[in-house]
Amino acid sequence: MITGAAQMDAAILVVSGADSVMPQTREHILLARQVGVPKIVVFLNKCDLSPDEQILELVEMEVRELLSQYDFPGDDIPVIRGSALKALEGDAHYVAQVNELIETLDTYIEDPVREVDKPFLMPVEDVFTITGRGTVVTGRVERGQVKAGDEVEIVGLKETRKTIVTAVEMFKKDLDFAQAGDNVGALLRGINREDVQRGQVLAKPGSVKPHSKFVAQVYVLTKEEGGRHTAFFSQYRPQFYFR
Numbered sequence: 001m002i003t004g005a006a007q008m009d010a011a012i013l014v015v016s017g018a019d020s021v022m023p024q025t026r027e028h029i030l031l032a033r034q035v036g037v038p039k040i041v042v043f044l045n046k047c048d049l050s051p052d053e054q055i056l057e058l059v060e061m062e063v064r065e066l067l068s069q070y071d072f073p074g075d076d077i078p079v080i081r082g083s084a085l086k087a088l089e090g091d092a093h094y095v096a097q098v099n100e101l102i103e104t105l106d107t108y109i110e111d112p113v114r115e116v117d118k119p120f121l122m123p124v125e126d127v128f129t130i131t132g133r134g135t136v137v138t139g140r141v142e143r144g145q146v147k148a149g150d151e152v153e154i155v156g157l158k159e160t161r162k163t164i165v166t167a168v169e170m171f172k173k174d175l176d177f178a179q180a181g182d183n184v185g186a187l188l189r190g191i192n193r194e195d196v197q198r199g200q201v202l203a204k205p206g207s208v209k210p211h212s213k214f215v216a217q218v219y220v221l222t223k224e225e226g227g228r229h230t231a232f233f234s235q236y237r238p239q240f241y242f243r
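The sequence shown: position 17 = 17 (the UniProt record's numbering), numbered continuously.
Warning: the hint list may mix true and false statements.
[What the hints assert, rightly or not] Dumping the calculated BS3-like pairs for lysine-lysine here, alpha-carbon to alpha-carbon at most 25 Å:
1) Lys172 / Lys204
2) Lys162 / Lys213
3) Lys118 / Lys147
4) Lys204 / Lys173
No lab work stands behind these hints: they were computed from the structure.
Make a model of the complete structure from these sequences and hints.
Listed below in structure tokens is the structure:
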């Protein structure tokens, strides 16, 4: 979930109008804040199960207060009330509410600015072997562009290694090129499955230098936020996954 959240340009926070804020609501808002999701739109779902307007207003107020607690502009964030089920059943009122949600996404969330002019970089999220074709690495292009025939480097964890991208695919369709913001698969020449792994990156040759030390800020979730129930102690060895 953290990997997906870290790639988002914005988020829709879905909260039940019948049940109000749940523990996972707080966890998702905290996660969005920690990974830098810039914009959130709230959709109060299941409002058909809670027709009392005052109850829905209290739920909305609680959501806004929680967003403000985590440094989002709770008073200004759009909150749309609706029912996904009723919309799917064709209820005109709730279909209109879903349309309002879509319009709000278009107006409240700006088009992201992609760094397409910078050197290519794509973190490796998964690796597959396609029989008869070779090894495919998947991920979201973080910056720059890549196309078939480009030379790239596999950087991180192991010794840096060069290879050639022989094809770029998205949803099983070949692309002329991929650019920043695209989730793609890159077919690599002469690379075996064990030669590349999650945690490495594909990059333009010479543009990325691997490091073994860095300074980081660590936020440890409290028990109430879904984190540890006990404190860290001497010689405890936590595992960290870095992006």
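Practice item. Measure nothing beyond the straight line between the CA atoms of Lys118 and Lys147; if it is 25 Å or shorter, mark the hint as holding. Key: Distance of about 15 Å is within 25 Å: holds.
**Study point:** Straight-line alpha-carbon gap Lys172 to Lys204, limit 25 Å
**Key:** holds, 24 Å
Point to revise | 25 Å Cα cutoff - pair Lys204, Lys173 | key: holds, 23 Å
Check your understanding: Does Lys213 lie within 25 Å of Lys162 when you go C-alpha to C-alpha?
Key -> Measuring from Cα to Cα gives roughly 23 Å; hence the hint holds.
Of the hints listed earlier, there is not a single one the structure fails to meet.
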